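Chains L and D are the protein sequences, given in the same order.
Sequential numbering of the first sequence, starting at 1, is according to our numbering.
Sequential numbering of the second sequence, starting at 1, is according to our numbering.
Derived by calculation from the structure, the hints in this document are not laboratory data.
Treat the numbers as computed from the prediction; the structure is a model and nothing was measured.
Don't take every hint at face value.
Computed beta-carbon distance windows for the label pairs [as the list claims (entries may be wrong)]:
id: 1; chain 1: L; residue 1: His249; chain 2: D; residue 2: Pro19; range: 20 to 28 Å
id: 2; chain 1: D; residue 1: Gln31; chain 2: L; residue 2: Gly145; range: 32 to 40 Å
id: 3; chain 1: D; residue 1: Tyr45; chain 2: L; residue 2: Lys119; range: 31 to 39 Å
id: 4; chain 1: L; residue 1: Lys119; chain 2: D; residue 2: Asp33; range: 45 to 53 Å
id: 5; chain 1: D; residue 1: Val7; chain 2: L; residue 2: Thr201; range: 26 to 34 Å
id: 6; chain 1: D; residue 1: Gln31; chain 2: L; residue 2: Asn103; range: 18 to 26 Å
id: 7; chain 1: D; residue 1: Tyr45; chain 2: L; residue 2: Ala189; range: 26 to 34 Å
id: 8; chain 1: D; residue 1: Lys6; chain 2: L; residue 2: Asn113; range: 22 to 30 Å
Some chain L residues close to chain D (C-beta under 7 Å, calculated; not the full set) [said to hold, decoys possible]:
id: 9; residue: Ala79
id: 10; residue: Lys101
id: 11; residue: Val102
id: 12; residue: Asp129
id: 13; residue: Arg155
id: 14; residue: Pro180
id: 15; residue: Thr229
id: 16; residue: His236
The C-beta atom is built at its ideal place from N, Cα and C for all residues, glycine as well.
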Amino acid sequence: MEFTEEQIVRYSRHILLKDVGVEGQEKISNGKVLIVGAGGLGAPVAFYLAAAGVGTIGIIDGDTVDLSNLQRQIIHFTADMGKTKVLSAKEKIAQLNPDVKVNAYQDLFTSANAFELIKDYDFIIDGTDNFPVKFLINDACVLAGKPFSHGGILRFDGQTFTHTQGNVCYRCLFNSPPPPNAVPTCSQAGVLGAIAGMLGTIQAAEALKYLTGVGELLTNRLLSFNAKTMDFRTVHTRRSPRCPICGEHPTVTTLIDYEQAACDILSHKNNS
Amino acid sequence: MATTIKVNGQSQELAKPIPLSELLILNRIEQPDMVSIQLNGEFVYKEDYETLINDGDEVDFLYFMGGGNSITN
């Protein structure tokens, strides 16, 4: 691909990077990334990937912008309240970088559309807030051989890892979803807004590393941090031979829509 | 002889090897449903919580963490 003079200036700080260069920027510009959830994590991911010039960014989210989102979902502004999150995000990306093509899906990510959605993308970002969809993203990506970045935040903590084919998956670490209501969500327990940015930018960096092939991805490791102490910790993980989806005798061979915790459904109704 | 293990990267001294289920109580994990346990980097199934934790073992309690959205998908 031929960059225009304007693009060479726009991406000059990537092009100057020894490991990226023009070639790496071409890979970024040809890259396609799907962001599931345009919320706390999806917002910084979308901003950094758009700024980086990722060629195609898909965003799926079924929600509209609510006042309580604005404390951390930085791609949505006060004037966007009531607007769909995917449209709000698409408008900001267009202003930031017109090079980026945005596919906005005003929808839920379910077993019915998961494979169809991920198939055209190189890398998937889990920016969701709930376990049924986190497991669904994992299962769809493992079964389809797609790489993804997992992200979770709560209160002052964050955790993330990257999955690529043949490496540790979410089910190797967490087997199956916790019982509904056993684990508080951010809407119940709260979250420091900046944590979403800390974790989302790690996810965006992983997507850019994957597209350019630079460095070592966060595979077979789980990175956790606590913002109260600013301690970062990496736990080395191994594939589980008994993993229900990528182990020796898989029991999960099709996609499952797990039930949402009752309080989540209630809060969803209240928000929309 | 003392048993020295690592829990979430921090050294812990035990008088003797104990089952994982006791280590959960010792570390005040009140809701085991909320954690996934790795023993020396490998997932431990609930039915194996009686496994003895020996000198030099590394145990990690990994917490389930959701996202930053009020509720999206």
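Evaluation of the provided hints:
{"no.": "1", "hint": "L:His249 - D:Pro19: 20 to 28 Å", "verdict": "27 Å, holds"}
{"no.": "2", "hint": "D:Gln31 - L:Gly145: 32 to 40 Å", "verdict": "35 Å, holds"}
{"no.": "3", "hint": "D:Tyr45 - L:Lys119: 31 to 39 Å", "verdict": "33 Å, holds"}
{"no.": "4", "hint": "L:Lys119 - D:Asp33: 45 to 53 Å", "verdict": "34 Å, violated"}
{"no.": "5", "hint": "D:Val7 - L:Thr201: 26 to 34 Å", "verdict": "29 Å, holds"}
{"no.": "6", "hint": "D:Gln31 - L:Asn103: 18 to 26 Å", "verdict": "40 Å, violated"}
{"no.": "7", "hint": "D:Tyr45 - L:Ala189: 26 to 34 Å", "verdict": "27 Å, holds"}
{"no.": "8", "hint": "D:Lys6 - L:Asn113: 22 to 30 Å", "verdict": "43 Å, violated"}
{"no.": "9", "hint": "Ala79", "verdict": "19 Å, violated"}
{"no.": "10", "hint": "Lys101", "verdict": "22 Å, violated"}
{"no.": "11", "hint": "Val102", "verdict": "17 Å, violated"}
{"no.": "12", "hint": "Asp129", "verdict": "3 Å, holds"}
{"no.": "13", "hint": "Arg155", "verdict": "9 Å, violated"}
{"no.": "14", "hint": "Pro180", "verdict": "10 Å, violated"}
{"no.": "15", "hint": "Thr229", "verdict": "12 Å, violated"}
{"no.": "16", "hint": "His236", "verdict": "5 Å, holds"}
The structure fails hints 4, 6, 8, 9, 10, 11, 13, 14, 15 (numbered hints given earlier, in ascending order).
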